[in-house]
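Asker: Chain by chain, the residues:
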Amino acid sequence: MGQFGIGQPLRRLEDPRLLVGGGRYADDARIEGQFWGVFLRSPHAHADILAMDLAAARAAPGVKAIFTAADLDAAGMPDMACEVELKSLAGEAMARPQRPILARGKTRFVGECVALVVADTQAHARDAAELIAVDYAPRPAVAGAQAALRPDAPRVWDELTSNLPVHWENGPVGPVDAAMAGAAHRVRLRIVNDRLVPAPMEPKGALAAWDKAASKLTLWAPTQGGRRIQATIAKRFLGLEQEQVRVISQDVGGGFGMRGQTYPEYVALGFAARALDGAVKWRADRTETFVSDYHGRDQVNEAEMGLDAQGRIVALKIHTVLNLGAYMAENGPRLPMEGGGRIIPCCYHAPHFYFSVKPVFTNTVSTDTYRGAGRPEANFLMERLMDKAAAACGLPRDEIRRRNFIAQFPYKTPLGYSIDSGDFAAGLDQALRMADWAQFETRRAEAKRRGKLRGIGVAAFIEAAGGRAPVEDMRLQAAPDGSVTIFSGSHSHGQGHATVFAQLAHEFLGVAPERVTLVQGDTDVTPKGSIGTFGSRSSMMGGGGLKAAAEKIVAKGKRIAAALMQSEAEQVSFAQGVFRAGASEVSFAAVAAAAHDPAKLPEGMAPGLDESHLFQREAENFPNGCHVCEVEIDPETGTTEILRYVAVDDCGIVLNPLIVHGQVHGGVAQGVGQATIEKVVYDEEAQLVSASFMDYGMPRASGVPYIEAGFNAVPCKTNPLGVKGAGEAGACGAPPAYVGAVADALRDFGADHIDMPLTPEKVWRAIHGKG
Amino acid sequence: MKSKVTLTVNGKERSAEVEPRTLLAELLRDHLGLTGTHVGCDTTQCGCCVVHVDGKAVKSCTMLAVQAAGKQVTTIEGLAKPDGTLHPMQEAFREHHGLQCGFCTPGMVMMAVDIARRRPGADEKTVREELEGNLCRCTGYQGIVEAILSVVNPGAVKDHHHA
Amino acid sequence: MHNFAYHAPASLDAALKLIGEKEDGKIIAGGMTLLPTLKQRLAAPSDLIDLAGLPDLRGVKKEGGHIVIGAMTTHYEVATSDVVKAAIPALAHLASIIGDPAVRHRGTIGGSLANSDPAADYPGAAMGLNATIVTNKRAIAAEDYFLGLFETALERDEIIVSVRFPIPEKAAYQKFRHPASGYAVAGVMVSKTGAQVRVGVTGAGPNAFRARDFEAALEKSFTAEAIKDVKMSPDSLLSDIHCSAEYRAHLVGVLARRAVAQA
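Chains as they are written, first to last, in this note's numbering: chain A, 1 to 771; chain B, 772 to 934; chain C, 935 to 1197.
These aren't lab readings, by the way, just hints derived from the structure by calculation.
Partial selection, computed: residues in chain B whose CB lies under 10 Å from chain C:
no., residue
1, E790
2, V829
3, M834
4, A840
5, M882
6, E903
In this text, a Cβ means the ideal position worked out from N, Cα and C, and glycines have one as well.
So here's chain A without its partners, still in its complex pose:
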């Protein structure tokens, strides 16, 4: 509606506060008399803890207490569990060993928490942590998943017979092999999708405060909503009712999927705060954040695609090996199947499909959801295969995609998900047009005259958004002055909920956006049925809840308005903030005021204009798009420059194009980062070598292109707003578009695939045949 409603590029309402230093992040919380916690972490990837001498540390200045696994065990604290259930084809259930909060007798990765030191200052706690003498007996360690599958590999879990907790398959391979055998063309590819750190700019940190009188723990922490963390910490770990834990995450400095989990540090801090009857603050530095936040990706995929003589897919086989890390994180093992598997084989129809996944334990940080969580990996694999198939079939890269696009909707995927809508060919055409694909060979020739190698890549992709928890709770409250407060469990850690939800409130209630306030990130006040923000769910789930709650407000408002106008509710209409009946009209603000004045209310009506709605989704939505990337390579050094980047996205109905573009830009930057420089490196002893921004390449302004973004909006048919998620598109599109462009530039050098990140040295080696 109008200037500020759905579809308008309203400037963000939260910005003025964030721009003057008014953000309230976890580390900004402090309590008079708080203690400081420091975690002593394992320097060994794999070691038995033979003994721990705490005497010197306990005697150090300012030390209040030191907690180890023994203290937690004495209090009956359980270990952390992964709830994912997977079975092999033969029906064997996945082994799910649990993670101790603090290492118990053994450490399994570098950075595992061994002890929590609490002192009066952070410096004192650090000084004391250095005085703890731990007698480690190092064991052989393994960092890579494929190495961990070898029979003679060090075993991460003594309790298991191997590092493979389950071998999951979608079905028998036989029929797929038979179809593959009959294919006119077959292409194979092995892809290492490297391990990444999500690296939100806010380092990890928390403040846990115990209120003895209220018997309640308050935890300030950077979360993506806090409700699930609240429940887990309260019920599982501290033996409390859910309401006895309050999680506050007012502003969060980026999430990207890995800030939704209950981390062991939070539990230990909560335990310590209760034990000390006080507040314990923890501030991780960046290096500690590298080992404390879960990592992402880390898959090796081997795939084979069979095509008929016309270049249509007849069979597809994918073998995925997933590096779980030492401990199964909350979502870890399910990412290839439920993350990537929801969409695989992506934009294409594959009549025969075999999918094998081996999640593997290694002596590394756990892996879990990171921007896209399985979908970027799946799309990358499919798009690299399609490029290779194009060459094998002698078809242009755009044509082979057109021939295989899913075009009939709803479309049921091999793993049983239903894609409601999309127009993949239109998105492809639009992207190619914006990128001037047709004239590319002219540009390639011109670059060649300058001694440069130019290439162009295209990537179609599909996403799945709003999955898992199928509900989200929203509450709208109108004050007597007509202003509206939204209580949302759907949580912004950068996505701009305060703006978009205000636009929706304006759309449905007519209230000016600046008169709408969002309350988020405090489990004491956000709706009980709320979950949080992850998997690009907030537009559909939060937005859907908001719409329904607004409809309830309007329904009650009509009854009040009818009373004010001496009419009947059925006669009252509502549009653009005004209730009308015949020639009479009354504003939303007047109705809100009346709602708080019992004298003006219809007989028997409870005062207030305050409605909640527990939104239940009908289905997930399936954002999709097509990205084109054009690069130029300096063959002398392998340096690759992105000259043009076009992103066409189908995010369904766009609520705020400014914000959706921002999501696309950020996702592309992370995808470009993976494609160009990002890589977690463990050495042979499973030591984390890339544990700072000196060694882990973060995309900088000079390494990210200007992105030309366009929309190919096809409204979603299965949610009331017609929206599709927007957060993960860029991370899906950029890696295959970029790698495809480099491979195209190197087509004369026999390099049809280079594993990410495509560092200058790797590209230089490909050009100069240095393998």
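Given chain A, work out where chains B and C should sit, using these hints.
Answerer: Same frame as chain A, now just chains B and C:
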């Protein structure tokens, strides 16, 4: 071991008792309560902590509080006018969607103001190079670059998607 | 960070006295490397002696055929100095691409040379421009100064006062940035003065060094063509998770050619 440090922060004289090892960023955040200055790394890479010392952008995580004695420090809290009117660079960040989670924003804006001082008329490539020491994980830098260009070189602004 | 005592002497003599007295005192200049090192608890000096209060150590001047830069002069000041830009523009350019703007506002030429980080830019300039490092005790030729990884000829009670650069006829600096840190994976400063050519290399080895094969070829003919077949051996070069020694050796050749072409 503590000593008293007196400096001018956002136009006001401030003092605190600090250890020699206390960083300027810690002085600002923990002693003076100016939590707008953020700390995002330990290796002087991310720029979340950029403030101005005697008019120049510096990383406050890589300067001791005692080294700031007697100096003029401006933080993100001191950029807007006392009546709340945003600095033109702050306005530009809002206009061009130069922030998402907001964590890198204070350092980014302080650096942007420094860039505008040193490099009037800068083109897009120059602005991107000047942001070498400031990391953002949310925006892909596009809104940030456009915001800075809108101040230093308005003709170079490209964003045509959203009026 | 471990704790330490902090001193801000007002004179070079006072600074030297402190260095002599303190058991494990350490000089701090801009602190751009030292402070991150201390934060990671990789060093634990008893005392930090800050040279920021010594105005004599700061500033740029032209003395005859030399540019003399005070040890505490910041990268920003060198990059924007009209004197440097007129006499040795390659040096101003080098200073303008060290780290990032905030680092350039604090980091100093003396601190960079005293630290001798293998990937820092100034060591390459010192070698490639035939600089002299002037301390409170003596003048050290660049090629006698860099001894190894983070190791220099500086003695414990020695402080860099200034750096003297002879003004070359022509010079250029080419740098290949490390993808993560932005430091030099390889950096090459080439200069020509009369018949003499210097090729200083940083980033590639454990410390800055002269590429003498390149110099010899360029002294015969100062053209990129002259060194196209000169190869750098990767044997003594660095290898890390981003770049192999072989690639660094290759880059040195490419950067040297580009520097010659640019000079």
